[in-house]
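All chains should be modelled from the sequences, with the hints used to inform the complete structure.
Counting from 1, one number per residue, gives the positions in the sequence shown under our numbering.
The set of hints was computed from the structure by calculation and includes no laboratory data.
As the structure is a prediction and not an experimental result, all values here were calculated from the model.
There's no promise every hint is true.
DSS-like, lysine-lysine: derived pairs with alpha carbons at most 25 Å apart [what the hints assert, rightly or not]:
1. LYS964 with LYS1039
2. LYS1039 with LYS1009
3. LYS266 with LYS454
4. LYS450 with LYS578
5. LYS65 with LYS41
6. LYS1009 with LYS1038
7. LYS707 with LYS682
8. LYS578 with LYS453
9. LYS1009 with LYS1036
10. LYS1009 with LYS1032
11. LYS686 with LYS714
12. LYS1009 with LYS1040
13. LYS841 with LYS826
14. LYS884 with LYS841
15. LYS686 with LYS707
16. LYS714 with LYS682
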Amino acid sequence: MEPPAAKRSRGCPAEPEERDAGAGAARGQGRPEALLDLSAKRVAESWAFEQVEERFSRVPEPVQKRIVFWSFPRSEREICMYSSLGYPPPEGEHDARVPFTRGLHLLQSGAVDRVLQVGFHLSGNIREPGGPGEPERLYHVSISFDRCKITSVSCGCDNRDLFYCAHVVALSLYRIRHARQVELRLPISETLSQMNRDQLQKFVQYLISAHHTEVLPTAQRLADEILLLGSEINLVHGAPDPTAGAGIEDANCWHLDEEQIQEQVKQLLSNGGYYGASQQLRSMFSKVREMLRMRDSNGARMLILMTEQFLQDPRLALWRQQGAGMTDKCRQLWDELGSEEEEEVAATSPRHTVFGRALLAGELHWNDAYLQRILASDSYGPSLTGSVGGDKQTFDPQGHPLWLGEPFPTACARVDTLRAHGYPQQALRLASAIINTLRLQRRHQLESYKQQKKELLQKGSTCITNTEGWVGHPLDPIGCLCRALLEACRLEEETLTLYPDSGPEKRKVAYQHVPVPGSPGESYLVLALEVALLGLGQQRALPEGLYAQDKVVRNEEQLLALLEEVELDERLVQVLRKQAGLLLEGGPFSGFGEVLFRESVPMHTCARYLFTALLPHDPDLAYRLALRAMRLPVLETAFPAGEPHPSPLDSIMSNRFPRWFILGHLETRQCELASTMLTAAKGDPKWLHAVLGSIQQNIHSPALLFKLAQDACKTATPVSAPPDTTLLGIALELGLQVMRMTLNIMTWRRREMVRWLVSCATEIGPQALMNIMQNWYSLFTPVEAATIVAVTGTTHATLLRLQLDTPRREELWACARTLALQCAMKDPQNCALPALTLCEKNHSAFEAAYQIVLDAAAGGLGHAHLFTVARYMEHRGLPLRAYKLATLALAQLSIAFNQDSHPAVNDVLWACSLSHSLGRHELSAIVPLIIRSIHCAPMLSDILRRWTLSAPGLGPLGARRAAKPLGADRAPLCQLLDAAVTAYITTSHSRLTHISPRHYGDFIEFLGKARETFLLAPDGHLQFAQFLENLKQTYKGKKKLMLLVRERFG
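Here it is in C-alpha cells:
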C-alpha cells in the first residue's frame, strides 16, 4: 500500500484528553454512549482518514483522537480468524502451538509492555520466556490498521507463516482489552506541524543520533535530494506519514501475506501424498469458507492465490503426458478446490467436474424477481404476490413458495453460497423453498408409483430414476441443506469457540427446535432430518470409477455422522417413523422400495442408523426397514428360482459389471447391519428367524457369514447368563451354510471354521453334534471329518461339557466311529489311521477299519501310508498285522540302484527288522519281496549284514528261536547275497559309463564296500578279483582311474 500524503499544518495542540475506552466505560457505569463516540465509531469503520480531512476543512483534535481510537479492530473474532487455521477451532488445535492460543497466554502472563499508538500505527514489545537454560527473548511488534482492519504487521520473530504470529496476537488483544492503558498520539505529521525550525532540526538530529547505524545513509540521501532544487522530492507537496492512515483510493482489507500463501500451497502440493499436507490444504479451504462467511474480501483473494498454485502444479503436465490419472488424495483436493470456486460464483449443473462447474457458475444470476422475493421475506406467498411466473407453479397447495428454476444440486449450492457468504437467514428461506419442492415432487412420485405398482412388481425390476444421486454428488446438495438447517438450530456458547485454550474436551453438540416462519408445527431441525433421510434413501446408480464410488461412501458416512449428533426427541421420532414409512412405500424412487435397479447403491449404512433409532419406539417398522435394506442386487444370481448355483463364488465374480471397486466395503456394511439385527433380536424367535432368512438369501461372502455366525454365538452365550438357544441355533445354521459354500473351495480358514462349528454344536447339545457327524458328506471333507469333527467331538473336554450319561456317551462314540469308518472308506490314504485310532476301544469297529486298509492296499494305497499304518499296528502290539501291511507296502515299492537316499529307506529297514524278529519263516517270505523291490546295492548289503548279526526270532516280538545266526551263504540269505553282488556289479558299470575325474574317489570307496559284500560268499575273494580284472579290461582307457584301482586293490 502506498503511503498517504503528508498531513497539513494545523493550529496549536488541544489540551490533553483522557485516554479511555470512552463508550465502553460509560456503558459499564450505566450511562448512554457519548454522541462523539457514536459518530467516531461509524466514521472510523467506514471512512479513510484522508476522506475525513478532505470533507471538513478543520477537524478538532479531540474528534481526530476519537476517530483514531475507534479505528483499531474491536472484535477478537477477526484476530482469532487470522491467527489459527480454523474458526471455531477444530479439535486438533487445542494445544499451545496455535498462534492465537500462544498469544493469549503471552497476554495473560504480562508479556506485553511499552505499547504506544501513534495515529494509525500500534507498537509494543513482547517478552517471551526462553526454553530451559535459554535467556528471555524480546520481540518488537508493529501493526498498521485502517477502518477496523489490520493492514500490515511486522514482528522481530520474522515469522513466515500464513497468518499472524503469537506476538502480533498478544499486542492486538492487549489493545482490544486494555484500550484505556494504551498511550495515544495523533499521527506524527500532526506533531511535526506544531514545531518551529529549531525544534524540527533538534528532532531530526536526535532521531539520527539514536539510530545512526540504521538511518544515517538514508538521512544523507534525503538531505541531498531536498537541497537539490529541481529534485522529484521537492516537486511533491507534503511528505509521507506511515501513521496517518489510508488514502481514499486504498483498498480496505485485512493484511494477508500473498507471497507466503503461494509458497506454502506450492510446498504442500509437492508433498501432496502425505496425510499432513492434505490436512493443511483442507484447513486452508476451511479458512477460505470462514472468511467468505464473515464477508471478508480476503476469502476470494486467498482462493485465487490457491487456484493459481493448483494450476501451476507441475504434476498436471506429467499426468497429461503419461495418460495417468490423479491419485485419490490429489483428486479429493481438486474436488474441494472446485467446490470452493463454485461457492464463490454460485454452483452450476451436474455432469461437470472441478473447474467446469465453477466456470459455468458464472452464467447463473441472482436477479430473478421470484428468487429475490423468496430471499427477502419469510412470509412470501400467493396471497401477497398473486400469480408469479406465468404458468410455472411457484407455490405448493399450502401456499409455501417453491423453487423450480434449476436442478436440485444447483439450488442447494445457492443455499451453501448464501450461508458461506454470511447470509444465513436468506439461506434458510431458500432451503425451505427447496424442501417444499422436494415434498411436492415426492407426492407426485408416490401417486405415479401407485398407478404402475402392479406392473413393476410383476416385472420384478426397474430402471434407475436418477443416474447421478444426491449423496456423493460433487456439489453435496444434501449436505449443503443439512448443514444450513442444523446451524440455525445449534446451541453453543460463543465465548468457548473464540478461545481454543478452554481444554481438549470435545463439547457435545446440542440442537433446539427453531420454528420455520409461516409453517406452524415445523422446525428447521425437522426439515434437516427429513431432507437427510430423503437423500440417503434415494434410489440411485453407483457411479463409475473408484474415486466416485468412494466419495459416495464417505458422503453417506458424513451425513449419518451429522444425524447421530442430533438427540432424538418425541417430535423427531415421529418424523423418523413417517419418513421410514415413505421410504418403504417409495417404489422405484426409494432405495428401500419393493423393486430395485440391479446396480443401485445399497442402503445398508442408512438402514443401520434407522434401525437403531427406531428400535426403541417402533420395533416392527425398524425390522421391516432393515430387512428390506439387506438386499445387494448386484450380487443376485441370474439363475431361475430353484436351480442350483455352480458355485457361490462364481456367482459373485460373474456379476461384477460394471466394476464395483467398493464391493468389499459394501458387503462389510451389509454384514454389520445383519449383526446389529441379530444382536437386537436376541430372545425374539420371530425376528431371529426372519433375520436368518434374509442373511441366507442376501449375503454371499463365506467369510462374512462366518463372522456373523461367530458374533451370534458370542452374543448367545454370555458369561453371566444362560444361553439363548434360538440364537445359538441360528449361529450353527449360518456356520453350516459356510461349510456347504466352501466345501469345494479350500481356504486356509477351513480348519478354524470346522473347529468353531463343532464348538458351537457342543454348546447346543449332543444331538446337534451327532447331526453334523451324520450329515458330514455335505459339510466336510473326509480329512476334516475324521481328524477334527470326530476327534474334537469325543475329547474329554467335550464329553465333560455335554455331561452325558453312559448310554448317551456311547451313542456319541458310536456316531463318531461310524463317521471315521465312512471317511476311511472314502479317503483311506488320509483317513485310515485316524479311523483306526478312533476305533481302538471297539473290536468290531477296529476290525472293520483294518479291513478297509487291506482293501485299499489292493486298490493302490501307497507304500508310505501302508508303512505308517504298519508301524501303528506294531505299536498297538499286533506284529503279524504290521508284518502283513509291511509286505503289502514292499510289494508296491521300487528303489533303483542309485536311490540310496530314498525316503522309504528307513521304512524298509524297519520292515526287515520286524520280519527278522518274527522268525525264519517270516524272514524267508520277505526276502523275495526285498530282492524284487530294491536294486540299490548298499541298501541290500546293509540289510544282509543286519540279518547275519543275530539269529532270527530273538527280538521281543519273536515267537520262535533259532539256534544260531543265519549264514550269508545259505538259504534264505544266499539269494539276498547274490542279489547284492549282482547289484554292485551292475551299479559299477552304470557309474563308470558317465564318470568324471572328480568322482573317482567316491567310486573307489564304493568298490571298497562292494569287496566287503563279495567276501561274505565262500569264493568271494576270487569273484571280486575277476570283477576287478573285468573292469580293468573294459575301462582301460580310463588310465588314471585304473591306476587308483590298482593302488587300492592290487
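Status of each hint after checking the structure:
Straight-line distance between C-alpha atoms of LYS964 and LYS1039 comes to about 46 Å, which puts the hinted pair past the 25 Å bound. A C-alpha spacing of about 22 Å is found between LYS1039 and LYS1009, which places the hinted pair at or below 25 Å, so the restraint holds. Restraint check for LYS266 and LYS454: not satisfied, since their Cα atoms lie roughly 60 Å apart, outside the 25 Å limit. For the proposed pair LYS450 and LYS578, the alpha carbon gap of about 18 Å is at most 25 Å, so the pair holds.
Between LYS65 and LYS41 the alpha-carbon distance is near 11 Å, which keeps this suggested pair within the 25 Å criterion. This hinted pair checks out: LYS1009 and LYS1038 have alpha carbons roughly 21 Å apart, not beyond 25 Å. Only pairs whose Cα atoms come within 25 Å are accepted, and LYS707 paired with LYS682 is accepted, the gap being roughly 17 Å. A threshold of 25 Å between alpha carbons decides the hint, and for LYS578 with LYS453 the separation of about 21 Å falls inside it, so the pair holds.
Between LYS1009 and LYS1036, the direct Cα distance comes to roughly 22 Å. Compliance with the 25 Å bound is thereby established for this hinted pair. Restraint check for LYS1009 and LYS1032: the C-alpha separation of about 18 Å stays at or below 25 Å, so the hint holds. Taking the CA atoms of LYS686 and LYS714, the gap is near 20 Å; set against the 25 Å cutoff, the hint holds. Between the alpha carbons of LYS1009 and LYS1040 the distance comes to roughly 21 Å, so the proposed pair stays at or under 25 Å and holds.
Between LYS841 and LYS826, the direct Cα distance comes to roughly 22 Å. Compliance with the 25 Å bound is thereby established for this hinted pair. The straight-line distance between the Cα atoms of LYS884 and LYS841 is roughly 22 Å, inside the 25 Å bound, and the hint therefore holds. Proposed proximity of LYS686 and LYS707 is supported: the alpha carbons are some 22 Å apart, at most 25 Å. Between LYS714 and LYS682 the CA atoms are separated by roughly 11 Å; this keeps the pair inside 25 Å, and the hint holds.
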